[in-house]
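Enquirer: Letter by letter, the chains look like this.
There are 2 protein chains.
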Amino acid sequence: MTLRHSNEDAIVAKIAKRAKIVPNGAMARESLACRIGDDAALFQPHGRQQTLLSCDWFLEGTHFLRGKHPADSVGWKCLARALSDIAAMGGKPRCFLLSLALPASLTGRWLDEFLLGLGRASAKFHCPLAGGDTTSRDVILMNVMVVGEVQTGRAVLRSGARPGDLLYVSGRLGEAEMGLRLLNRGKGSANRKNPLTKKHLYPEPRLALGQWLANRLASAMMDLSDGLSSDLPRLCAASGVGARVSAAQIPRVQSSARYFKSSADHLRLALDGGDDYELLFTVRPNQAGALPRSFRGLPLTPIGVITSRKQIVLADEHGRESSLQARGWDPFRSD
Amino acid sequence: MTLRHSNEDAIVAKIAKRAKIVPNGAMARESLACRIGDDAALFQPHGRQQTLLSCDWFLEGTHFLRGKHPADSVGWKCLARALSDIAAMGGKPRCFLLSLALPASLTGRWLDEFLLGLGRASAKFHCPLAGGDTTSRDVILMNVMVVGEVQTGRAVLRSGARPGDLLYVSGRLGEAEMGLRLLNRGKGSANRKNPLTKKHLYPEPRLALGQWLANRLASAMMDLSDGLSSDLPRLCAASGVGARVSAAQIPRVQSSARYFKSSADHLRLALDGGDDYELLFTVRPNQAGALPRSFRGLPLTPIGVITSRKQIVLADEHGRESSLQARGWDPFRSD
Numbered sequence: 001m002t003l004r005h006s007n008e009d010a011i012v013a014k015i016a017k018r019a020k021i022v023p024n025g026a027m028a029r030e031s032l033a034c035r036i037g038d039d040a041a042l043f044q045p046h047g048r049q050q051t052l053l054s055c056d057w058f059l060e061g062t063h064f065l066r067g068k069h070p071a072d073s074v075g076w077k078c079l080a081r082a083l084s085d086i087a088a089m090g091g092k093p094r095c096f097l098l099s100l101a102l103p104a105s106l107t108g109r110w111l112d113e114f115l116l117g118l119g120r121a122s123a124k125f126h127c128p129l130a131g132g133d134t135t136s137r138d139v140i141l142m143n144v145m146v147v148g149e150v151q152t153g154r155a156v157l158r159s160g161a162r163p164g165d166l167l168y169v170s171g172r173l174g175e176a177e178m179g180l181r182l183l184n185r186g187k188g189s190a191n192r193k194n195p196l197t198k199k200h201l202y203p204e205p206r207l208a209l210g211q212w213l214a215n216r217l218a219s220a221m222m223d224l225s226d227g228l229s230s231d232l233p234r235l236c237a238a239s240g241v242g243a244r245v246s247a248a249q250i251p252r253v254q255s256s257a258r259y260f261k262s263s264a265d266h267l268r269l270a271l272d273g274g275d276d277y278e279l280l281f282t283v284r285p286n287q288a289g290a291l292p293r294s295f296r297g298l299p300l301t302p303i304g305v306i307t308s309r310k311q312i313v314l315a316d317e318h319g320r321e322s323s324l325q326a327r328g329w330d331p332f333r334s335d
Numbered sequence: 001m002t003l004r005h006s007n008e009d010a011i012v013a014k015i016a017k018r019a020k021i022v023p024n025g026a027m028a029r030e031s032l033a034c035r036i037g038d039d040a041a042l043f044q045p046h047g048r049q050q051t052l053l054s055c056d057w058f059l060e061g062t063h064f065l066r067g068k069h070p071a072d073s074v075g076w077k078c079l080a081r082a083l084s085d086i087a088a089m090g091g092k093p094r095c096f097l098l099s100l101a102l103p104a105s106l107t108g109r110w111l112d113e114f115l116l117g118l119g120r121a122s123a124k125f126h127c128p129l130a131g132g133d134t135t136s137r138d139v140i141l142m143n144v145m146v147v148g149e150v151q152t153g154r155a156v157l158r159s160g161a162r163p164g165d166l167l168y169v170s171g172r173l174g175e176a177e178m179g180l181r182l183l184n185r186g187k188g189s190a191n192r193k194n195p196l197t198k199k200h201l202y203p204e205p206r207l208a209l210g211q212w213l214a215n216r217l218a219s220a221m222m223d224l225s226d227g228l229s230s231d232l233p234r235l236c237a238a239s240g241v242g243a244r245v246s247a248a249q250i251p252r253v254q255s256s257a258r259y260f261k262s263s264a265d266h267l268r269l270a271l272d273g274g275d276d277y278e279l280l281f282t283v284r285p286n287q288a289g290a291l292p293r294s295f296r297g298l299p300l301t302p303i304g305v306i307t308s309r310k311q312i313v314l315a316d317e318h319g320r321e322s323s324l325q326a327r328g329w330d331p332f333r334s335d
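Residue numbers (the numbering used here), protein chains in the order written: chain P, 1 to 335; chain W, 1 to 335.
Just chain P, same shape as in the assembly (with noise of 0.2 Å):
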C-alpha cells in the first residue's frame, strides 16, 4: 500500500496548500524554517526586536453566526482582529498559526470560502500562516495566534499615560456595531457593500497607524475591541490614572437618522459599540502639535484628557460630568 493520509491530514494539507496560493512566498520563507506540519513552527526573530505575541477566540455563536457571517469574512476577520493588537502595540506582523475546530460537513465549500477570506487578509497585511491545529467539533471554534515584533523598546504599552497627556482615537466608533445591526435586520445574505456592514465583516487592524504612533509619538496605546467605555477604564487602570472625556468630541457614526431613535443612541453607540478596532492613544501636551487631524485619510480625534483622579468622567455638551460606566462587550456580565 501507499502511504494513507488520514482525514485530518488531509484538512491540515489543504489548509497548507491554499496559504501557499496567497503571494507572500517571499515572506513566509523568511520567517519561518521550516513548512506547515512539523511538530512546531520555527520563527527566525530579526536582531534588536522583540517579539510580539498575542491569541484571539473566534467562536460560532459567540463572535460570529453561521447562517449571517460570510465565510469569508469569518476568514478575514479571525485574522485581522488579532492583528489588531499587534497594531496596538506599534508591531508589524510576521506570522500567524491558526486553531480551527468544525463539523467535517463544512470542510468542503464552507473552508474553501473561509480560506479565501484568510488568504486575502493573510496578503494584505504580510502576515503568513505559520502553523496550528486542527480538529472536528459541532460548531465552529477558532482561536489565532499571531506573532509580530517591534524594535526592543519602542512597544505602546496601555501603562504610559500621564495625567495632562491628551487622549485620542482614530476613525469613528460605532461603525461596526452599526453594521451588525444592519446585518441583522436584513433577510438572507449580506449586503457588504454598505460601509458599515463592510466595517463588521471585514475589519482593518490600524497597522501603519500603529507603527507611525509607535515612533515616540504615543504615550500608550490599546485597540478598541470591546467599545471605549469598557477599554478605557483598562489603558487608565494600566496607567494608574483617570479620564475625563468630552462627549461632544466622540466621532461617531455619519450615518442616516432613520437608524436612529436619538443623538443620544449615536452617542450610546459610540461609547458601547464593540468591534470597531480604532486606535484608542495617548499623546503628551507638547506632543499634540506633531499629530496632524488625520493618517492617511483616517481622522485622528482629541476626545479628552488624563486626570490624576483615578475616574472616568464623561462631560455633556454643557459641561455637566458623570461617571461613564463601563457598558461595551464583557462575555462574562450577567446582567
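Among the clues, some could well be false.
It does not matter which identical chain is meant; a pair holds if it fits inside one copy or across any two.
In the BS3-like style, the derived pairs of lysine-lysine whose C-alpha atoms are separated by at most 30 Å in a straight line are [stated by the list, open to error]:
{"#": "1", "residue 1": "K310", "residue 2": "K17"}
{"#": "2", "residue 1": "K124", "residue 2": "K310"}
{"#": "3", "residue 1": "K310", "residue 2": "K14"}
{"#": "4", "residue 1": "K310", "residue 2": "K68"}
{"#": "5", "residue 1": "K310", "residue 2": "K198"}
{"#": "6", "residue 1": "K193", "residue 2": "K310"}
{"#": "7", "residue 1": "K68", "residue 2": "K193"}
{"#": "8", "residue 1": "K198", "residue 2": "K17"}
Derived from the structure by calculation, the hints contain no laboratory data. Predicted, not measured: the structure shown is a model, and the values here were computed from it.
Given the structure of chain P, go ahead and fit chain W onto it with the hints provided.
Expert: Frame of chain P; chain W shown alone:
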C-alpha cells in the same frame, strides 16, 4: 466612582495573580518585558536562537470530560501536551499563552483547581504564563500556545529520516490509553495513584530527552500524540520514506493480564493508543551505538528501520509482514 472592573477583567486578574504564585518569577522577568493584560505579550528572544511556536486545542467533550477529569489534571495536561511539541523539536520552553472559554459558574472553585494544576506544570517545566484570551461559553474550551527556543539550525524536524536509519521510541506505548480505560471503568473520582491513570491525567513531555537527542543524535523526531500507527506515517511522509516495524519489539503496557483479552490487545493498544506523548525518533545506523538503552530511567527502544519503499510494514515474531493501518486518533474519521 472608582474604576470599575468588568467581570472579564476580574477573571483575567485572578489568572494573572495565580500565575505569579508559581515560583518562576525570575524566568518570567527574563522572558517577558511586560505583564499580562496588555494587548500582546512582549517576548525577548535570545541571540542565535530560533523561536518554536505551537498551539493545541484542549476541548471538553473532545479531549476531556468535566465529570471524569479532575480540574487540576485539565490544567496540568493542557500545558504538558502542548509542551510535548516543543520536546519533539528538541527545544526548551520559554512561555505560554492560554485561551480559556468557560461557563461563569465554573469561575470559582473549578477555575481555582484548574489554575493549581496549570501552575504546577508551569513551574515544573519552567514555562511561565505570558498572556491569553478569556471568554464565556457553555462548555470549557482551551487553546494553549507554547513558545520555545532552539539553537539556530538544531531543531529536529520530521523530515530528516533516511533509509537505513533506526527507528526508536521512548517509554512504553499504550499506557495513557489504558489509563483512560481505567478512568472510564471507575466510578466517581479518579484513582490518581495508579501509574497508568496518572500517565493519562498528568503526562510528562519528554523535554530533557528531546534536547539531548537534538544534540546531533536524532535525524528526525516527532511526539506520539495520536498513536504510533497514525503518527509514524506522518514522519515517513515528511521524510519521503517508509518503515518496517517489528511488532515484538514495541514496548507496551506492563500490567496484569486481567485488563486484556489477549496479547494482540496489548499490541493494538501500543499501536493505536493516543496521548502517550513519548518521542518517536530516528538515528543514523553509525550513530546507534552512542544511544543508551535508557535516558534518566526512561527506556529507549529500537522498534524498526526506515526503508526507501514508501510503505509502513509491521512484521510479526515469525517475520510475516502486513501493512500497518492508521487506527490512532483522527477527529475527522467517519468510520
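Enquirer: It remains to establish, for every hint, whether it holds in the given structure.
Expert: Outcome of the hint check:
| no. | hint | result |
| --- | --- | --- |
| 1 | K310 / K17 | between (52 Å within a copy, 22 Å between copies) |
| 2 | K124 / K310 | neither (40 Å within a copy, 40 Å between copies) |
| 3 | K310 / K14 | between (52 Å within a copy, 22 Å between copies) |
| 4 | K310 / K68 | neither (41 Å within a copy, 46 Å between copies) |
| 5 | K310 / K198 | neither (37 Å within a copy, 49 Å between copies) |
| 6 | K193 / K310 | neither (42 Å within a copy, 51 Å between copies) |
| 7 | K68 / K193 | within (15 Å within a copy, 50 Å between copies) |
| 8 | K198 / K17 | within (28 Å within a copy, 39 Å between copies) |
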